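Listed below, chain by chain, are the residues.
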Amino acid sequence: MQELADRIAAYAAHRMPSASDVSASHVDRIHGGASRETYRFRLRWREGARETERRLILRRDPPGSLIETDRAAEFAAYQAFHPTAVPVPEALWLESDSRWLDHPFFVMEELAGFEASPQAILSAPYAQHHERLAREKWTILGAIASADPEKLGLTDKLPKVEPKDAWRRELEHWTKVIDEDSLAPQPIIRAAIRKLRREPPPPPRRIHVVHGDYRTGNFLYDAEGAIRGILDWEMAHLGDPLEDLAWSINRVWCWGRDERVGGLTSKENAIRIWEQASGLRADPAALHWWELFSSVKGLAIWISGGHEYQEGTNKDPVLAFSSVWLSNAQDRAALETMGKLV
Amino acid sequence: MKPDAPKLLEIIAGKLLFEIAPSVQPSYRQSSVALTGMLLTMVKEEWERAVARRVEENEILRALFGRAAGQVGDAGLRGRLEAAAREKEASLLVSRLDASNDSLRALLIDLHAHVETHDAPWARALDDEIWRELRASTERRRFSLSPF
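Keeping their order, the protein sequence lines are chains P and R.
All residue numbers for the first sequence refer to the numbering used here, where the first residue is 126 and numbers rise by one.
All residue numbers for the second sequence refer to the numbering used here, where the first residue is 229 and numbers rise by one.
Calculated directly from the structure, the hints in this document are not laboratory data.
Just to be clear, a hint being listed does not mean it is correct.
Restricting the straight-line Cα-Cα distance to at most 30 angstroms, the calculated cross-link-like pairs of lysine-lysine (DSS-like) are [said to hold, decoys possible]:
#	chain 1	residue 1	chain 2	residue 2
1	P	LYS440	R	LYS235
2	P	LYS440	R	LYS272
3	R	LYS243	P	LYS440
One-sided excerpt, in silico: chain R residues whose CB lies under 10 angstroms from chain P [claimed, not checked]:
#	residue
4	ARG257
5	LEU263
6	GLU274
A few chain P positions that, by computed beta-carbon distances, are all more than 12 angstroms from chain R [as the list claims (entries may be wrong)]:
#	residue
7	ARG167
8	LEU226
9	SER248
10	ARG294
11	GLU393
12	PRO409
13	ASP441
Quantities reported herein were computed from a predicted structural model and do not represent experimental measurements.
C-beta atoms are modelled at their ideal positions from N, C-alpha and C, and glycine is treated no differently.
Please model the complete structure; the sequences and the hints are all you need to start from.
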């Protein structure tokens, strides 16, 4: 890791021309989502007589990943929501030139000392705070939904879409991933795609910011049940806010292997909290469409990861594990949403 | 092969999960080792049922296609259904069974899409039969570790 530390320090010195004695240390790769290589490190530098140390995160593009995404969109989302009611780390530098660290990357603040694991949340000391965690989780999602993307400066940074086209763009995008990456025929999800095309949802009244992967496992929480950071914005886009709500209550995130969505609360309570926080109504028919879409998107992601692994472009076991572990569960979730599991 | 493959996989997975992973640093490598251990527990489960579930499913699909062939009006699709219904397994190698299964499930997609465009009683009955098979197919593939 020393070579990487030295290269990070060289880059930081380039970005901070007034700094001297720039060094990086404690470089440690962590699991930070399957779409990018994630490292934590400490950066130390001097400016005049003042010495500073910051704990930072490096998110670097890998050769292949679960999600082929635009790092600029992720970086823009972090910048847009810092600082707001949506807690996110401060985004510092976005770099597309591969000469620095071999692949494009960005650097952001590390929110240290908190938990992110969807399994840890099920046990002490976090399990006693599920009511608060649920309230905060869907209140923050409501805040994302109620945010004005234009005021956040995101309409210039994320691809535009008309309300009437939001569903179609997302469905066609993830259908294309399934078309291109499937290692075997997928009769359940193909039936779901046909149904979604036959019965499109009513459009949202306006376009909103969509996090794109809002679920237990992608936020940081503390031992008192407070959510301290919303992470993994790599699929952020403009669209229908029900997409995020539906994704957050997807069956495969029922980590407690019971009815609690996100391992935290009932589906009805999650929707109620979100409606109160966002000021929006989750139209049941529209939400149902997005719930089924969530299974199409989910399976597309598991298929894509399995494809990368099988092709050998990325041998991270998380890709194979997610694909093997969740593909069938996602099919069952789709069946349940279509009323075909009983 | 002795010791049996499932026993080997069970022991190796246990070693990775409970002995090796806790002592591995940094955290990224530790979780990669643990994930590999959990993957092996699913490989063990699949090893045991691999041939049985593929043979069972392929037989069910061929029988379904045989019944559907007598009802589907589209000549091209009917011909494909009849041909598939007549096929037998040429080999019990998992790779060959998988190839047959892929071919049959691709045909199932086409049949399902065709049936959905008809409202006649035969089509409704066939649609119900396809959904029952799709539900059963997820039971055959289900892992004990599955979250759902």
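- Item | Hints violated by the structure (listed by number, smallest first) | Of the numbered hints, just 13 does not hold.
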